[in-house]
Amino acid sequence: MSTTSLAVATPNQNHQASKTGRYLTFSLGNESYGIPVLNVREIIRLCPITPVPKMPTHIKGVINLRGTVIAVLDLRAKFQLSQADYNDRACIIVVQLIGANGVKTNMGAIVDAVEEVVNLNEAAIEPAPDFGGSPNSEYILGVTTSVGGVKTLLDIEKIFLDDASITRSLPEGAPKLADAQPNSVTTH
Amino acid sequence: MPPSIIPPTFSQIVEFHAQLAMELAFVTPDQDTGLLPINSILMDLEDSVQQEAPTEITSAVAVAKNWMDQIFDGPGKFSAEAITNLTAWHEWMSQALAAWEREEAMPLFPAAWITRDIPALASSIPVESPAPAAAVSSPVAASVEGEEVGDTAIEEIEEKAIVLNLKDDADLLHEFHGESVELLQNIEQGLLVLEENPSDSNTINSIFRAFHTFKGGAGFLHLHALQDLAHDLESLLDAVRQSKLQINSPIINIILAGSDALKHYTHEIGHQINGVNAGEPIVVPTARIIRNVKAILNGEPLPEETVSSAANSVEAEVEVVVHQNTECVSESVESAPVAGSTLAVPSSGEKTEPSPEKTLAKQVPLVTRPVEGKGKQVAVTESASGFVKLETWKLDALVDLVGELVIAQSMVVQDPDVQTLESRTLARSLRQLSRTTSELQRNAMSLRMVPVRAAFQKMTRLVRDVGVQTGKQVQLILEGEDTELDRNIVEKLGDPLVHMIRNAVDHGIEMPEERESKGKARLGTVRLSASHQRGGILIRIQDDGKGLNAEKLLAQGIKRGIVKEGAELSESEIFSLIFEPGFSTAEIVSDLSGRGVGMDVVKRNIESLRGKVEIQSVIGQGSTFNILLPLTLAIIDGMLVGVGGERFIIPTISVRESFRPKPGMVSTIHEKGAIVSVRGKQTPVLPLGKHLGIPTKATTPEEGIMIVVESGDASRAILVDELIGKQEVVIKSLGETFKHQSLFAGGAVLGDGSVGLILSVDTLVKL
Numbered sequence: 001m002s003t004t005s006l007a008v009a010t011p012n013q014n015h016q017a018s019k020t021g022r023y024l025t026f027s028l029g030n031e032s033y034g035i036p037v038l039n040v041r042e043i044i045r046l047c048p049i050t051p052v053p054k055m056p057t058h059i060k061g062v063i064n065l066r067g068t069v070i071a072v073l074d075l076r077a078k079f080q081l082s083q084a085d086y087n088d089r090a091c092i093i094v095v096q097l098i099g100a101n102g103v104k105t106n107m108g109a110i111v112d113a114v115e116e117v118v119n120l121n122e123a124a125i126e127p128a129p130d131f132g133g134s135p136n137s138e139y140i141l142g143v144t145t146s147v148g149g150v151k152t153l154l155d156i157e158k159i160f161l162d163d164a165s166i167t168r169s170l171p172e173g174a175p176k177l178a179d180a181q182p183n184s185v186t187t188h
Numbered sequence: 001m002p003p004s005i006i007p008p009t010f011s012q013i014v015e016f017h018a019q020l021a022m023e024l025a026f027v028t029p030d031q032d033t034g035l036l037p038i039n040s041i042l043m044d045l046e047d048s049v050q051q052e053a054p055t056e057i058t059s060a061v062a063v064a065k066n067w068m069d070q071i072f073d074g075p076g077k078f079s080a081e082a083i084t085n086l087t088a089w090h091e092w093m094s095q096a097l098a099a100w101e102r103e104e105a106m107p108l109f110p111a112a113w114i115t116r117d118i119p120a121l122a123s124s125i126p127v128e129s130p131a132p133a134a135a136v137s138s139p140v141a142a143s144v145e146g147e148e149v150g151d152t153a154i155e156e157i158e159e160k161a162i163v164l165n166l167k168d169d170a171d172l173l174h175e176f177h178g179e180s181v182e183l184l185q186n187i188e189q190g191l192l193v194l195e196e197n198p199s200d201s202n203t204i205n206s207i208f209r210a211f212h213t214f215k216g217g218a219g220f221l222h223l224h225a226l227q228d229l230a231h232d233l234e235s236l237l238d239a240v241r242q243s244k245l246q247i248n249s250p251i252i253n254i255i256l257a258g259s260d261a262l263k264h265y266t267h268e269i270g271h272q273i274n275g276v277n278a279g280e281p282i283v284v285p286t287a288r289i290i291r292n293v294k295a296i297l298n299g300e301p302l303p304e305e306t307v308s309s310a311a312n313s314v315e316a317e318v319e320v321v322v323h324q325n326t327e328c329v330s331e332s333v334e335s336a337p338v339a340g341s342t343l344a345v346p347s348s349g350e351k352t353e354p355s356p357e358k359t360l361a362k363q364v365p366l367v368t369r370p371v372e373g374k375g376k377q378v379a380v381t382e383s384a385s386g387f388v389k390l391e392t393w394k395l396d397a398l399v400d401l402v403g404e405l406v407i408a409q410s411m412v413v414q415d416p417d418v419q420t421l422e423s424r425t426l427a428r429s430l431r432q433l434s435r436t437t438s439e440l441q442r443n444a445m446s447l448r449m450v451p452v453r454a455a456f457q458k459m460t461r462l463v464r465d466v467g468v469q470t471g472k473q474v475q476l477i478l479e480g481e482d483t484e485l486d487r488n489i490v491e492k493l494g495d496p497l498v499h500m501i502r503n504a505v506d507h508g509i510e511m512p513e514e515r516e517s518k519g520k521a522r523l524g525t526v527r528l529s530a531s532h533q534r535g536g537i538l539i540r541i542q543d544d545g546k547g548l549n550a551e552k553l554l555a556q557g558i559k560r561g562i563v564k565e566g567a568e569l570s571e572s573e574i575f576s577l578i579f580e581p582g583f584s585t586a587e588i589v590s591d592l593s594g595r596g597v598g599m600d601v602v603k604r605n606i607e608s609l610r611g612k613v614e615i616q617s618v619i620g621q622g623s624t625f626n627i628l629l630p631l632t633l634a635i636i637d638g639m640l641v642g643v644g645g646e647r648f649i650i651p652t653i654s655v656r657e658s659f660r661p662k663p664g665m666v667s668t669i670h671e672k673g674a675i676v677s678v679r680g681k682q683t684p685v686l687p688l689g690k691h692l693g694i695p696t697k698a699t700t701p702e703e704g705i706m707i708v709v710e711s712g713d714a715s716r717a718i719l720v721d722e723l724i725g726k727q728e729v730v731i732k733s734l735g736e737t738f739k740h741q742s743l744f745a746g747g748a749v750l751g752d753g754s755v756g757l758i759l760s761v762d763t764l765v766k767l
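Quick mapping for you: the protein sequence lines, in order, are chains A and B. Final position of the first sequence in the numbering used here is 188; the numbers increase by one with none missing. Final position of the second sequence in the numbering used here is 767; the numbers increase by one with none missing.
No lab work stands behind these hints: they were computed from the structure. Don't take each hint at face value.
On the chain B side, residues computed to face chain A include the following (Cβ under 7 angstroms) [what the hints assert, rightly or not]:
| id | residue |
| --- | --- |
| 1 | Val402 |
| 2 | Val406 |
| 3 | Leu692 |
| 4 | Gly693 |
| 5 | Thr696 |
| 6 | Gln727 |
| 7 | Glu728 |
| 8 | Lys732 |
| 9 | Leu734 |
| 10 | Gly735 |
| 11 | Glu736 |
| 12 | Gly747 |
| 13 | Gly753 |
Just so it is clear, the structure is predicted and the values come from calculations on it, not from any experiment. Even glycine gets a Cβ: it sits at the ideal position worked out from N, Cα and C.
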């Protein structure tokens with residue numbers, strides 16, 4: 001699979017109503033995951049990421065996506081997997097989310113490699129196993145074994161929206177430049 | 001009373017209520033200032049209290065609306081009683097809203113309101129509204145025919161003429177003209193839609209709004225004749241909007257006739273702006289339209305005799321209409337609604353009539369109007385040539401794309417592979433590309449820049465009005481009106497400017513006698529200037545009035561608990577107290593600001609534009625307000641600094657200076673906090689690398705660079721490894737993920753395509 005633009009889809013339907021649908025699968029270390037294709041805007045090659053100091057480790061930083069600044073998460077760090085260097089198969093999956101206020105936001109997630117797009121119906125998806133809460137099971141839509149190996153299906157919106165509202169202990173009320181300026185990320 | 005649930009519209013109601021406070025603060029007895037906005041807000045308020053509001057509130061809004069209607073029908077300006085009542089009403093509403101929110105019992109509904117009349121106002125309403133001073137009565141309904149046409153109905157109709165103040169209001173008139181042409185076009189188109197689909201409430205609303213806007217503009221320029229007509233047409237549409245009236249062809253006709261009359265005025269205004277017949281009074285007969293509108297509103301049939309007499313006299317009129325010039329066209333406009341109301345829809349000209357002679361006669365005036373209208377449009381397009389109106393987002397998108405292009409260009413030029421090529425033609429082409437792109441960028445940026453002139457000139461009027469109201473002699477001197485600013489900023493600058501200029505005249509400048517006794521000229525001066533400074537724009541409002549009394553301010557601050565007793569405040573800190581919400585002292589602030597308009601709003605507005613306000617004042621000599629604004633909201637001048645391997649951008653507007661510290665300049669306190677002495681001033685040092693957790697290259701301060709930044713009164717010397725350069729950057733939001741941090745104000749795409757983070761100086765100086 002090429003690492004260029006793969007799918008440009010708008011998440012215009014609520015995939016949570018039914019889990020049936022197409023999923024983009026990718027790998028993190030030895031594990032395999034899937035996210036609904038409807039959320040995926042595009043897949044880009046790993047590019048230099050500007051780190052943002054004083055943020056949680058799983059927030060890698062920001063990149064310039066054709067003129068728009070988007071945040072990039074490190075899914076390994078997010079899931080507290082062992083850290084490893086990314087090789088040249090590593091990609092950034094750009095997902096589009098619709099926040100609580102109806103604003104579309106793009107965010108990126110670094111994965112080791114993108115695998116394929118699979119069609120899954122409801123029957124092929126098993127509910128998330130109960131680990132007693134230790135892995136972040138609230139992010140997990142379900143598990144499928146129907147396309148070879150175990151793939152964990154993730155609720156990408158939950159993962160990202162979590163990070164869309166990270167709070168940090170900095171003085172409140174300091175005016176933010178970006179808020180005042182009209183062309184925010186979401187206008188693109 | 002039953003506890004009412006707080007509906008979602010509550011916040012909206014509160015918002016309208018707050019807006020009313022602002023507007024009420026500006027009303028003055030015997031002036032119409034604020035009349036339109038207050039009416040408009042009350043209408044919005046009326047809409048929002050329709051559902052779920054307690055009856056007390058709904059009725060109170062109805063009472064106020066009723067008062068406004070009385071003012072509109074009557075004197076057309078506020079009387080002192082009306083203002084007292086409205087203020088009392090507003091206070092009552094505050095209590096009522098608070099009670100509602102807390103689900104407590106409503107305050108007692110004042111008995112006096114039940115009659116719905118403004119006490120002592122009813123009696124003062126003259127039966128016939130007096131013609132405004134500016135109006136010149138003129139021989140209307142054009143002389144002889146006029147008498148023939150409607151012997152009974154017309155006799156006391158007096159047409160108001162408008163005289164343009166071309167000298168003082170030239171720009172405003174130009175703006176008004178352009179806007180009006182557009183509004184009238186929209187109205188006409190809307191009416192055609194309504195003809196097809198009379199119940200289209202969106203269109204009704206949009207026509208209503210258009211008339212409302214028109215009325216506002218006309219009112220602002222004191223074009224009473226236009227304002228009155230627009231007001232009546234607006235009322236008619238309001239009745240339609242509220243389903244009190246059903247749209248039918250007489251109504252459409254009369255609105256068309258009205259908008260044609262307005263168009264005629266607009267056309268004449270356009271002429272006069274271009275120097276044709278400049279200064280002459282413009283008379284367009286509107287009285288009959290107004291009367292017919294009123295008749296429809298009151299549910300009366302249209303005066304029968306006018307109709308028939310009009311019909312009879314039309315034959316005589318036709319020739320006049322056909323052969324003569326504008327004067328007669330205006331007459332045809334006047335007679336049109338009458339004919340139209342009994343007859344045909346103007347657009348359906350093919351409608352057959354029993355008497356061909358009469359049909360022709362009646363249709364001539366009707367037909368001439370659209371033609372006339374077109375002629376005007378052509379004229380307008382010509383006069384407004386060189387201007388294109390387009391949606392802001394298109395402009396923003398263009399500017400963004402150009403920004404990308406510039407970056408892409410520099411990426412190509414700086415590409416290592418390209419640089420190894422030793423081709424002269426390539427080098428030349430690249431240079432050409434660089435030149436073109438930077439030219440393109442400059443052009444694209446300039447698209448958003450507009451001169452502050454229009455915003456400034458509105459203040460001339462304001463100063464004149466406030467001066468007259470307060471009995472002060474004030475002149476406004478404008479400087480640097482050609483200075484250009486991002487249009488978004490200019491738009492948002494209007495309100496703060498109005499507040500500050502008004503304050504300067506109202507609180508700053510003394511009464512002529514007082515000035516004389518202090519040895520100043522009787523004529524007070526307010527100076528409004530714009531200039532480039534520190535990479536931004538400095539707007540300065542300077543008055544030679546009494547100045548701010550720091551002692552009284554401080555005393556008030558302590559009394560209100562904003563300042564701790566015994567605190568040592570610098571003078572500028574004390575002056576800044578006036579920006580505290582609700583701050584007022586009887587000595588410095590008159591009843592105007594006491595009514596809820598605060599400088600805190602001004603400060604907030606300016607800060608939302610990434611600007612800042614500074615105050616200088618010498619008691620007895622006057623005050624100066626300096627507003628420092630960025631040139632544009634989207635682009636800043638940035639200083640690119642390096643810390644370790646990372647690069648950050650510091651907005652140049654906040655940078656006071658940068659230098660490499662010499663040994664001995666930096667001293668430490670308790671071996672931790674360092675201070676650097678900059679020209680005798682001790683400034684705390686903020687080692688950026690250490691603060692951000694980035695290993696730095698410089699091991700001692702002497703190896704790094706100090707960048708002294710300031711925000712408000714606080715300053716810090718930021719210690720970085722190196723100064724990479726200066727760059728204009730397009731600010732990009734970092735998005736939701738970084739919404740809750742305040743260390744970085746945004747990101748910017750740098751020359752190599754990567755993102756640089758823009759440091760928020762406001763946060764840094766507090767660290």
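Okay, the hints, checked on the actual structure:
no., hint, in the structure
1, Val402, "violated (10 angstroms)"
2, Val406, "violated (11 angstroms)"
3, Leu692, "holds (4 angstroms)"
4, Gly693, "holds (6 angstroms)"
5, Thr696, "violated (13 angstroms)"
6, Gln727, "violated (15 angstroms)"
7, Glu728, "violated (14 angstroms)"
8, Lys732, "holds (4 angstroms)"
9, Leu734, "holds (6 angstroms)"
10, Gly735, "holds (5 angstroms)"
11, Glu736, "holds (4 angstroms)"
12, Gly747, "holds (4 angstroms)"
13, Gly753, "holds (6 angstroms)"
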